[in-house]
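**Q** Sequence:
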Amino acid sequence: MKKALIAICYIALIITSGLAIELKESANSMGVTDLAILEIQENPSTGYLWHIFAEPTGVLRNFLEEHSAPSMMPGAPSVKGWIMTAAREGKALITLRLFREWEGEKQSIDFRALTVDVTGEEKGQVDFNILINEVSLGSTFTVTLEENASTGYSWQYQILGDGISEIGKKVLADDSGKVGAPSKVTWTFQAVDGGNSAIVFRYFRSWEGEKSAVDYKAYNICVR
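For any residue, its number in this note's numbering is found by taking its place in the sequence shown, counting from 1, and adding 2.
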């Protein structure tokens, strides 16, 4: 692995001021011919290991797993990494879940998410970053996305973890008079428990199901 973990998680601080703050997206990009690396710390001595999931199939491939040697101190964390390539252009969603093998995915205790936009052909190496929004308990924050109901596509979200709850949703229709103009949808969430959570959005037609999603958004939240 190229290097030990160095600031793979960029932290976006949200200062509680009585106003809901817009979350920052965890987004990455790469070329079809790039080699991409994603790293995260884990502590195998606890039995909890990070597991990687990517959707849709056919965009990212060749998930080669590697580990750095931990320090000599008992129980010290090590760095797990995945080296991957892209099979074609497109948008992909990567989710990471921390759980014990014998307990299964449903018993995950930590989560991360990021999107990858694969475009063009640039031969090189890319380090994926996981952006984390740090918030205080009880604070509120928003996500605003455009959607076009006339196409049948809409954004549907999934919360990974127990620290986040939706408290409101508002749709602002376009008033330009243009046919088929998109509207803006704003979701308001609140931090209700400590720990790490992620919100993943998928853009798809309801009758086709989430596996047909054509776009993704990912937001990581750490509640202090």
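No lab work stands behind these hints: they were computed from the structure. Quick caveat, the model's predicted, so the values are computed rather than measured. Some clues are possibly wrong.
[As the list claims (entries may be wrong)] List time: in silico DSSO-like cross-link candidates among lysine-lysine, alpha-carbon distance up to 30 angstroms:
1) 186 to 26
2) 180 to 108
3) 180 to 125
4) 108 to 125
5) 171 to 26
6) 26 to 213
7) 186 to 93
8) 125 to 93
9) 26 to 108
10) 26 to 125
11) 213 to 93
12) 125 to 186
13) 186 to 172
14) 186 to 171
15) 171 to 108
16) 26 to 172
17) 125 to 172
18) 93 to 180
19) 186 to 213
20) 26 to 93
[Unchecked claim] For each label pair, taking beta carbons as the anchor points, the in silico distance ranges come out as:
21) 64 to 21: 21 to 29 angstroms
22) 216 to 170: 23 to 31 angstroms
23) 168 to 136: 14 to 22 angstroms
Glycine included, C-beta positions come from ideal geometry on N, C-alpha and C.
**Q** Sort out which numbered hints this structure fails and list those numbers smallest first.
**A** Violated hints (numbers, rising): 2, 3, 4, 12, 17 and 21; every other hint is consistent with the structure.
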